[in-house]
Amino acid sequence: MVSQQSKILMVAAGLVVLALVIPYTSSFVVLLATRALAFAILAMSLDILLGFTGLASLGQAAYFGVGAYLTAVLATKFQFGMGWDFWLVVVLGILLGAALAAVFGLFAIRATDVYFLMITLALGQCVWGLAYRWNSLTGGDNGLIIKARPKFGLDLTNEVTFFYLVFGFFTVSLILMYVLVKSPFGKSLAGIRGHELRMKILGYNTWLHKYIAFVIAGGFGGLSGVLWAHTNGIVTPEDVVLTTSVDALLMVVLGGAGTLIGGVIGSAIVLLLREYLSTLVPWWQYVLGGVYVLTILYLPTGLMGIPKRIRQGFTRSANK
Amino acid sequence: MTNTLQKMLLGSALALGLGVTAPAGAEELRIGFLAPTTGIFAQLGKDMVDGFQLYLDQVKGDFAGAKVKFIVEDEQGKPATAVLKASKLIGQDKVHMLVGGLLASTGYALAPESTRAKVLYIASVPSADDLTQRKLNEFPYFIRSGWTSSQPTQPQGQWACEQGYKKIVTVAADYAFGYEAVGGFQKVFEDCGGKIIQKIWPPLGTKDFGPYISTIKGDADAVFSLMVGPMALQFPKQLRGAGIKKPIVGGTTSYDEFGLPFMEDEVVGDFSALQYSAALETPKNEAFVKAYRAKYGKVPGYYSESNYSTALMIHEVMKKTGGKWPGAEKFIEMMSALKVETPRGPVSFDDMRNPVHNIYIKKVEKKKLFGYEKAELWNTVIKTYPNVSQFWTYGKAKFLAQPVYDRDFPPCKFCQ
Numbered sequence: 001m002v003s004q005q006s007k008i009l010m011v012a013a014g015l016v017v018l019a020l021v022i023p024y025t026s027s028f029v030v031l032l033a034t035r036a037l038a039f040a041i042l043a044m045s046l047d048i049l050l051g052f053t054g055l056a057s058l059g060q061a062a063y064f065g066v067g068a069y070l071t072a073v074l075a076t077k078f079q080f081g082m083g084w085d086f087w088l089v090v091v092l093g094i095l096l097g098a099a100l101a102a103v104f105g106l107f108a109i110r111a112t113d114v115y116f117l118m119i120t121l122a123l124g125q126c127v128w129g130l131a132y133r134w135n136s137l138t139g140g141d142n143g144l145i146i147k148a149r150p151k152f153g154l155d156l157t158n159e160v161t162f163f164y165l166v167f168g169f170f171t172v173s174l175i176l177m178y179v180l181v182k183s184p185f186g187k188s189l190a191g192i193r194g195h196e197l198r199m200k201i202l203g204y205n206t207w208l209h210k211y212i213a214f215v216i217a218g219g220f221g222g223l224s225g226v227l228w229a230h231t232n233g234i235v236t237p238e239d240v241v242l243t244t245s246v247d248a249l250l251m252v253v254l255g256g257a258g259t260l261i262g263g264v265i266g267s268a269i270v271l272l273l274r275e276y277l278s279t280l281v282p283w284w285q286y287v288l289g290g291v292y293v294l295t296i297l298y299l300p301t302g303l304m305g306i307p308k309r310i311r312q313g314f315t316r317s318a319n320k
Numbered sequence: 001m002t003n004t005l006q007k008m009l010l011g012s013a014l015a016l017g018l019g020v021t022a023p024a025g026a027e028e029l030r031i032g033f034l035a036p037t038t039g040i041f042a043q044l045g046k047d048m049v050d051g052f053q054l055y056l057d058q059v060k061g062d063f064a065g066a067k068v069k070f071i072v073e074d075e076q077g078k079p080a081t082a083v084l085k086a087s088k089l090i091g092q093d094k095v096h097m098l099v100g101g102l103l104a105s106t107g108y109a110l111a112p113e114s115t116r117a118k119v120l121y122i123a124s125v126p127s128a129d130d131l132t133q134r135k136l137n138e139f140p141y142f143i144r145s146g147w148t149s150s151q152p153t154q155p156q157g158q159w160a161c162e163q164g165y166k167k168i169v170t171v172a173a174d175y176a177f178g179y180e181a182v183g184g185f186q187k188v189f190e191d192c193g194g195k196i197i198q199k200i201w202p203p204l205g206t207k208d209f210g211p212y213i214s215t216i217k218g219d220a221d222a223v224f225s226l227m228v229g230p231m232a233l234q235f236p237k238q239l240r241g242a243g244i245k246k247p248i249v250g251g252t253t254s255y256d257e258f259g260l261p262f263m264e265d266e267v268v269g270d271f272s273a274l275q276y277s278a279a280l281e282t283p284k285n286e287a288f289v290k291a292y293r294a295k296y297g298k299v300p301g302y303y304s305e306s307n308y309s310t311a312l313m314i315h316e317v318m319k320k321t322g323g324k325w326p327g328a329e330k331f332i333e334m335m336s337a338l339k340v341e342t343p344r345g346p347v348s349f350d351d352m353r354n355p356v357h358n359i360y361i362k363k364v365e366k367k368k369l370f371g372y373e374k375a376e377l378w379n380t381v382i383k384t385y386p387n388v389s390q391f392w393t394y395g396k397a398k399f400l401a402q403p404v405y406d407r408d409f410p411p412c413k414f415c416q
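The listed protein sequences derive, respectively, from chains A and B. Taking my numbering, the leading residue of the first sequence gets 1, the next gets one more, and so forth. Taking my numbering, the leading residue of the second sequence gets 1, the next gets one more, and so forth.
Bound conformation, chain A alone (with noise of 0.2 Å):
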């Protein structure tokens, strides 16, 4: 077994390799890397209610989105937000994000099971249709064009500027949500996870614990739906779609559910595949399929399960 430190370590050499030489690959590749990160901090947002409280969110997209239209329509309506103001922004977008999960938790807590995933569905598809037919603030199918990145000392217009921008708050959201998982709440999480009834006889309040688990990941994907406008200069209700929310849970489930890391690795997996494939073969499509259908037959703990697996094999031929 690979001790907890020595895990850290890994994570944190990759992320410096990452931050290191992404700089010097073409702008294209560090466009995509800014995509896959700021993505990837909707899927760890999605990881905390799937792989350690066991909710299985089908509408993570909607406070993605909230994030995304609220920095799009300050950006466009009231120039708001492309100074120093882009913090305000960040704040807000938080902000809105777990406002509109304190909300839609109400409704979706009660719930569990194939119910919880029917009800998210159903209030993402509500963000959705606002999105979509409320022309006047949202710009309906047209959607809403940011003209440039924020200037604020730092030129964000400048891609490499802007990696690193998102790569500190990719790296921020990453250990917050890491001290969160292993504090005592976050074991309370993995109680509710692993039996729900024994916590609730051990006196937990287990509906407040999977509320504020909820209103935490829709403050992240908040942030990621700011992030993720700057990043395209463009918000659409293709943003905030079901297939949006589907993405991010079928990150989570590639990478493998319940260790965050596993999320990152799905939305640099699924972005790669989708984004710098297409660019080289036609058929990247069967591969992505492929690649799903493959991980859910023979992994189901996902890419982060084959350590695991490798170490089960060894084991297994040496007690041969």
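Derived by calculation from the structure, the hints in this document are not laboratory data. Among the clues, some could well be false.
Listed next, the in silico BS3-like pairs over lysine-lysine satisfying Cα-Cα at most 30 Å (straight line) [stated by the list, open to error]: (1) Lys118(B) <-> Lys246(B); (2) Lys374(B) <-> Lys46(B); (3) Lys207(B) <-> Lys246(B); (4) Lys290(B) <-> Lys319(B); (5) Lys366(B) <-> Lys167(B); (6) Lys330(B) <-> Lys147(A); (7) Lys396(B) <-> Lys237(B); (8) Lys195(B) <-> Lys398(B); (9) Lys147(A) <-> Lys118(B); (10) Lys290(B) <-> Lys147(A); (11) Lys363(B) <-> Lys383(B); (12) Lys398(B) <-> Lys147(A); (13) Lys151(A) <-> Lys94(B); (14) Lys118(B) <-> Lys324(B); (15) Lys398(B) <-> Lys77(A); (16) Lys298(B) <-> Lys366(B); (17) Lys118(B) <-> Lys77(A); (18) Lys147(A) <-> Lys396(B); (19) Lys46(B) <-> Lys319(B); (20) Lys77(A) <-> Lys135(B); (21) Lys135(B) <-> Lys151(A); (22) Lys77(A) <-> Lys396(B); (23) Lys118(B) <-> Lys151(A); (24) Lys246(B) <-> Lys167(B); (25) Lys7(A) <-> Lys182(A); (26) Lys246(B) <-> Lys368(B); (27) Lys147(A) <-> Lys135(B).
Note that the structure is a prediction, hence the values are computed from the model and not measured.
Fit chain B to the supplied structure of chain A, relying on the hints for placement.
Just chain B now, with coordinates in the frame of chain A:
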């Protein structure tokens, strides 16, 4: 630990090596083409690519001495993906121009990208009105070789009025393209004395029109439909199936040739209007239809024609420069001054970089054409409005003074 680090570094370096391309040689014209080659619009995307490719094959990829490097990227029918792929084409492939995009929203997303990167963008398909109207001055590197959504429906409104239709119900896809097409039709139709008595908006991608068809008012003289992609196949069939025999005045893409071979004979007699019909009996179009059909096994629709003609226009500009890339600004200036003969007919440009071309009122007929053996469905041209501009007969100043056509503009005065 260091071992792992070395491995990771090596791995990353290998992976990233793929992203490096060789610098380009001289006298090469690099064209970045964006079309949805996967997803629900994949068929339209293929038609777009095929149209452009056909022209390139005919001139053997040589534009007046410049060797054309044609790079197709899959925009997946999503504006954000189109922008991402555009930045790949600009940053990595160093293209001279971007061409294509399918949806109006993609056009709205790519135009600012062209401004940001100072790279020419030619919209061959995205037809969002405001790109060449109220928002044009934001996009100095933008020119359109296609059309605006309301450009064909405005003359169509006039035509419908002249047919003696007094009351019309519109059924149109519920997004910006539908709003603009219906708006143009309604404006002209009502200015001429007609009345739009009901507007129905099924969502983009609707397959079951039952709930919408049943609400169509009985006293309407005709139904104006605006359908996109697979919707076009379903609507006429279901309308006739419901026993409604009112004439259909189809907007723009509703009877495009991409869907015509899959339609049944019940669409015979339906009307539509667009700047192109495969049944145009001109030598230029006949040659195009025959070459296209010989190569791809089907009759070209507007998606193919528009991109074929775009390639032709680029070639014409390159002929004038002797195969030298003149720079984006100069290119736009030269392209705006073009007067070319294309399969759709003569095309010139107005001073807002949008084509001025014929609008054809078409009627679906089953007949033999161009020497093909079987009787097939064709969009026979029954009336031609020559040299129609995006402003119809209103004049630029008056037209631009009104807001862009929208779901509620012009307001539905006669809806109860």
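Problem set entry | Distance restraint between Lys118(B) and Lys246(B), which requires alpha-carbon spacing of 30 Å or less | violated (50 Å)
For this session: Assess, step by step, whether the Cα of Lys363(B) is no farther than 30 Å from the Cα of Lys383(B), and give holds or violated.
Result: holds (9 Å)
Problem set entry | Lys366(B) paired with Lys167(B) [C-alpha distance capped at 30 Å] | holds (28 Å)
Exercise. Is the Cα-Cα distance between Lys46(B) and Lys319(B) 30 Å or less?
Worked result: Holds, because 28 Å separates the two Cα atoms, which is no more than 30 Å.
For this session: Given the hint that Lys396(B) pairs with Lys237(B), test it: the Cα-Cα distance must not exceed 30 Å.
Result: At roughly 39 Å apart (the allowed maximum being 30 Å), Lys237(B) and Lys396(B) break the hint.
Exercise. Can the restraint linking Lys246(B) and Lys167(B) be considered satisfied, given a maximum Cα separation of 30 Å?
Worked result: holds (11 Å)
For this session: Mind checking the alpha carbons of Lys246(B) and Lys368(B) for me, to see if they're no more than 30 Å apart?
Result: holds (27 Å)
For this session: Measure nothing beyond the straight line between the CA atoms of Lys374(B) and Lys46(B); if it is 30 Å or shorter, mark the hint as holding.
Result: Roughly 25 Å between the alpha carbons, so the hint for Lys374(B) and Lys46(B) holds.
Exercise. Are Lys151(A) and Lys94(B) close enough, with their CA atoms no more than 30 Å apart?
Worked result: Roughly 26 Å separates the two Cα atoms, so the pair holds.
Problem set entry | Restraint check for Lys7(A) with Lys182(A), where alpha carbons must lie at most 30 Å apart | holds (14 Å)
Problem set entry | Pairwise hint evaluation, Lys77(A) against Lys398(B), where the allowed Cα distance is 30 Å at most | Cα-Cα ~27 Å, so holds.
Exercise. Does the alpha-carbon distance linking Lys147(A) and Lys396(B) stay inside the 30 Å limit?
Worked result: holds (27 Å)
The structure shown violates the earlier hints numbered 1, 7 and 10.
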